[in-house]
Structure formats: structure tokens, C-alpha cells
Amino acid sequence: MPILIAPDTRILVQGMTGRAGSFYTRLAMEYGTGDTGGYVAGVTPGKGGTTHLGLPVFGTVAEAVTETSPTASIVMAPAPVAAAAMLEAIEAAIPTLVCVTERVPVLDMVRVRDALRGGRTALVGPNSQGILIPGARKLGVMSTADAAPGGIGIAARSASLTSEVVARLSASGLGQSTTVGVGGDPIHGIGFAECLALFRDDPDTEAVVLIGELGGVQEEEAADFLAAEPYGKPVVALLVGRHAPEDRRMGHAGTVSVLGSGSIAQKTALLESTGVRIAATPDDVVRALGS
Amino acid sequence: MYLHEAHAKDLLARYGVPLPEGHVARSPQEAADHATTLGGPVAVKALIHAGGRGLAGGVRIAHTPDEARSHAAAMLGTDLVTAQTRSRGETVHEVYVERALRFPRSFYLSLIIDQRRAVPTLLAAAEGGTDLEENAAAAPAMIQKYPLAADGSHNPAALAAFLDMLGVPDGHAGAVLAVVESLVRAFVDSDATLIEVNPLALMEDGTATAIDAKVILDGNALFRHPDLAALGDTARADATELLAQANEINFVKMDGEIGLVVNGAGLGLATHDMVIEAGGRPANFMDIRTMATADQIATGIGLLLDDPGVRVLLVNVHGGGMTTCDRISDALALAMEGRDRSLPIIFRVAGQNAQEARDAATALPVPCIIPGDMTEAVRLAVAEVARCPS
Chain E
1 MPILIAPDTR ILVQGMTGRA GSFYTRLAME YGTGDTGGYV AGVTPGKGGT
51 THLGLPVFGT VAEAVTETSP TASIVMAPAP VAAAAMLEAI EAAIPTLVCV
101 TERVPVLDMV RVRDALRGGR TALVGPNSQG ILIPGARKLG VMSTADAAPG
151 GIGIAARSAS LTSEVVARLS ASGLGQSTTV GVGGDPIHGI GFAECLALFR
201 DDPDTEAVVL IGELGGVQEE EAADFLAAEP YGKPVVALLV GRHAPEDRRM
251 GHAGTVSVLG SGSIAQKTAL LESTGVRIAA TPDDVVRALG S
Chain F
292 MYLHEAHAKD LLARYGVPLP EGHVARSPQE AADHATTLGG PVAVKALIHA
342 GGRGLAGGVR IAHTPDEARS HAAAMLGTDL VTAQTRSRGE TVHEVYVERA
392 LRFPRSFYLS LIIDQRRAVP TLLAAAEGGT DLEENAAAAP AMIQKYPLAA
442 DGSHNPAALA AFLDMLGVPD GHAGAVLAVV ESLVRAFVDS DATLIEVNPL
492 ALMEDGTATA IDAKVILDGN ALFRHPDLAA LGDTARADAT ELLAQANEIN
542 FVKMDGEIGL VVNGAGLGLA THDMVIEAGG RPANFMDIRT MATADQIATG
592 IGLLLDDPGV RVLLVNVHGG GMTTCDRISD ALALAMEGRD RSLPIIFRVA
642 GQNAQEARDA ATALPVPCII PGDMTEAVRL AVAEVARCPS
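Quick mapping for you: the protein sequence lines, in order, are chains E and F. Take the first sequence: its position 168, counting from 1, is numbered 168 in this note's numbering, and each next residue is one higher. Each position in the second sequence, counted from 1, maps to that position plus 291 in this note's numbering.
Heads up, some of the hints might be wrong.
Stretch by stretch, here's where chain E covers chain F in the computed footprint (C-beta under 8 Å, at least three residues) [to be verified]:
hint, segment
1, 343-355
2, 397-409
3, 445-457
4, 463-477
5, 631-644
6, 652-661
Source of the hints: derived by calculation from the structure; they are not laboratory data. For each residue, glycine too, the CB sits at the ideal point set by N, CA and C.
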């Protein structure tokens, strides 16, 4: 059993008709099981009533919900309108919402987080590669060539490192239950702690790999969660950015340390104290899982 | 985007924050003229896009116009290195000449976004000053947090009680509260990620004045603020970094010999770690973004080929989505066309179209090694630099 989505999840795409939206929606439709890979409709304001990639396009999420009953949505809309798209999906109570858009303004994400409080939507992202159930559903833009079904749950701040780790796991006969890209931004939806809780309650997940980096508070929140009670499953953390200069933004907005939080040394010590096994490089994750 | 002090103060003035009178000077004579106009002692401050100036000689008091002239002359055109600049510092092109005030007490105020709670948050301390960061590291409790609502709204009575608890003297309570209200409006309106006033001077007459101000704006929100975007902070960024940015590549220039060609921020950080731990020195950090075309990637690789310090290229790419591995080999070929200089390549790729890319890379007219895994790739790159010392 996967987390956040299921093999029968019905998927809506917000921002399907653009260049990136079309490209990634086509790949995801081909990947998932069923005729359209689980994809049921698109939403693009002003393009309601048209058809794209063989799917109906609606002008609003509310109309798409009435007509096609999606249980998840993926936002690929451009950054200036990504928050509005997320807010619309939250308003429509879409259970699982992924946002892959990069460079969403941080105060927009503050408003989105405010809208999520007390609601029924779980947000993954923004700046996320999405959620993958190998062989069943692709709610995202990640590489799928090396993914295989199995018992390892992955939660990651980085898409490229997830692909690397997935390739090594699959080559060693370790398939994946679900991979979740929690995203590289400082303010985001669910994080490592929420993913750990979901993977713990998932009978098909046997072990968890966290892929973290410097900056932010996700690793610290994961350590708090793991310290509260015994987890019962092995957890490995791959942490990168040990030698990154602290004041420079290294690709992800989340990697700038604010007020001294977030060095790899601090994160490593906290996670190790809760029994997490640390992998220093992608080449090291399989060994850490087996040790 | 970091605003230097003069720009930061211009922004805060629009929201009614009281400030000492000051003017920008581009020459020692201009600094002396401003000092004459202001009368009395002035502070001469280096305008750079980083903090820590006070402890690095970037803020000096002048009692006469002549002294202001000599302070400005000592700063203008030099590279000021502070704890917050990079190692080579930042060139001082302008100074700020400001009336120097005497004040019996100071306060510290800043606004940030609390990552755990995802709300704007006020940080405050009863003592401001240049040594605040050190003092706070030793005694974190001296800085207290007050969370605001997502839109910056708050209960004024509760906020006043918070400031009172911190020890704002009764006579200054109204003035400090008014500054906080102004900072909150400026923060939300201009999509800031940090506004800091340190110190906030509590004056004898019950007013409060922002002696120094730091503003960092969200670079991702500048599309909403063309006026602020035009202020720019290009002095802080390297020209190569800006060119890369315009080509969908996140690039950070470093001083080493191993040129990194990597996609994704996480893989970029991992590669950087592995090179350093293997005893090598990266020439750069690179994160090729998903949307980058072969031409754009070639521009990024060109930055490495044109850097005389780079002696080997280490490609470490996981292909998928729009960034297929053969797009990288195409970009390598494009970058080498029309350049006299070529470099040996360690070409480690995995994922979509990896084999096509390896075939194309080995056909390039330069030495190209295909390693087994990432660890071997890094080891080979470090060995290549050691084999041919410059």
C-alpha cells in the first residue's frame, strides 16, 4: 500500500496546457496503469470546454471536481499563479495536492499554508518532483526509468538525488513503495516528519530513506518525531551539503541557513541520536540500509 | 535580493520609519560636502550588500568634513571583507554619510519567516548593537519571538505586552510599537524575507530611530515589484553566475580546478561534498535546471572552459524528464565548437539515454573517461588534477 495516493487515484492537472505541463502530463499518462494513467482532466483558466492530450479541460477546479471526481491534483502552473492554483485546489478539498512549480514567492506559500490549516488537503511541494508509486501512478515529473515496486519508502528534498538512490536500490533488488519529493523550498507542504508517520503506518513499507540537505528544519523535525517514540522500521538518511558555504544559495532556496539553523553536522548528530543510519553519498545508501 | 543600507532605508522611509538624515556619496569630496550640509558628527558607512560592516572598518565616525573626506577616501574603491561577505570581499562604490546620533539605549528588531510555523515572525531583543549576533549565539534567550498571522496582522495590545515584557521603557513604548507596525507593513507589501533594524536608537526625547537597516527581498517575488527589482544587487553576484542564471543554470563560482557539470541541486551538493572529501577542489557548484536547453547548458560549460583555473570537467548527471543524458553530450560538443581550449572529461551519467550520451562523449576530440560509479568518477577527477600539476 502506498502513501498519499493509491493505484486507483484519479488525477487532475492544473496548468496542463503549457510547454512543461504538456510534456510531463504525457509522460505521466503513459506511465500509470489504465488508459490515461489515472489522469482524468486538466484545468486552465480561460480554456474550459477544450480538450488537451485527450483529456477534458475545465476553467476551474470546482467544475473539474463535479465532472470528473479527481482525488489528487498536480499544479504545473507558472510561479506567479501557482499559489492561486493551490488555493483553488485546497478550496475544492482535493485530498492530495502536488506542486512542482519552482520559484514560488515565499509569502505566497505562507498564505497557502494558512489555507491548509484545518483543511482536508495534504500538500506536497512546491518545487517538488511529486509522488511516485512505481508501476502504478506518477503524480509528478520525476525520472521513472529505474523505479521498481517494493518496500522502501523515500522522502526527499531533491529530485536528482532521488533518481540516483532509486537506481541503486532497484539494482540491488530493493523496490520502492512510494517516493515523495517534499521539495526544495523553505516553506512547503508536508515534510519528513509527516512522511515518516505515513510510512510507519503503511504495512508495505519496510524501511525509509530520507534525502536531506543543509538549511531548513525538516531534518530537525524528523529527529523530533523519531525521538518521541520507537519507530519500528529502519531509517536511513542521506544528507548532502556538508561543505557548502553557509551564506550562498546552492540551487535550492531552502539551502540558505537562516539564524544559524541547519548545518549538516547538527542534522547528522540529531538524526543519529534517534537511531537513524547516515549515508554520506548516494553510493552509500544501500550499504546503510543493510547494516 | 539584498538591499544595501541606503536602498533599505529608502524603502523603510516610505513606511514612516524614523531615520537619521543621510546622503549617498560617490567621491571623498561629495562625502565632505554632505558632512558640511549635515553639520556636526557624521557616520561614513560603506554601501555593500552584506552585514558585519561595523566590526570590519566599514562604518567610521567623522567629527569634521575633512575627516569624512578621509574616511570616504579610505573606503571607496577598496574591497571590504566582513564576516558576511565572501572571502575576497565586496568593492565599495558608494558610501552613506549620515548624521551621527547619541542615544542612551538601543533595541533590536527584525522580521523573518519562521520556517516551522510558516508565518512572519518578529524577533526582538532589549539590547541592539554590532555584537548582537555574538551575544545571541552565547545566550539565545535574549532574542524573543513573536509570531504574526500569515498576512502580518496581529493584536496590537498583545504585541505591546510582548514589547513591555522585553523591557521597552514606558516612555518609548509607543514609538517602538509604531516602528514595528511600519516594518510589518513594509515586510508584507514588498515580499521581504528579512527586515532588520539594529540598532533601533531609543532617543532622550522618547522617539525611536533606525540607525542601521537591512532588507532582503524574495528574489522569486520581484515580478510584483519592478521598482525594487530595478535596484539590483548585481555587485554581489559574479558576472558568470548571472550569465548562468539567465541560461537556467544555478552556478556558484569557486576557486578550484575541477569543473562540475551536474543537474539538480541535491546531486550538485552531493558531488561538491564528494570532491572535497576526496581531496579535490571544485571550481564551481552547478545545478542545471530541468528546462535548460542544450544551447543553455553549453553556455554553462563554456564558463568552465573559459576559466583558466579549471583543469578537468567532471560530468555527473542523472537524466530524466527534459534533461536527457544526451542533451549533456550535445552541450559539451556545442561548448567546444569555436573554442581553442578543451579539457579532459570524466563523464558519469545515469538514467534516460545514458548509453547514447556515453557513445557521443567518447567520440569527442578530447580524452574522455567513463567511470563505473560516482565515487570512481570523483576519484578519477581528483587524480587527473594531481597527474598534471599546473
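We went through each hint and held it up to the structure:
no.: 1; hint: 343-355; result: violated (count 0)
no.: 2; hint: 397-409; result: holds (count 5)
no.: 3; hint: 445-457; result: violated (count 0)
no.: 4; hint: 463-477; result: violated (count 0)
no.: 5; hint: 631-644; result: holds (count 3)
no.: 6; hint: 652-661; result: violated (count 0)
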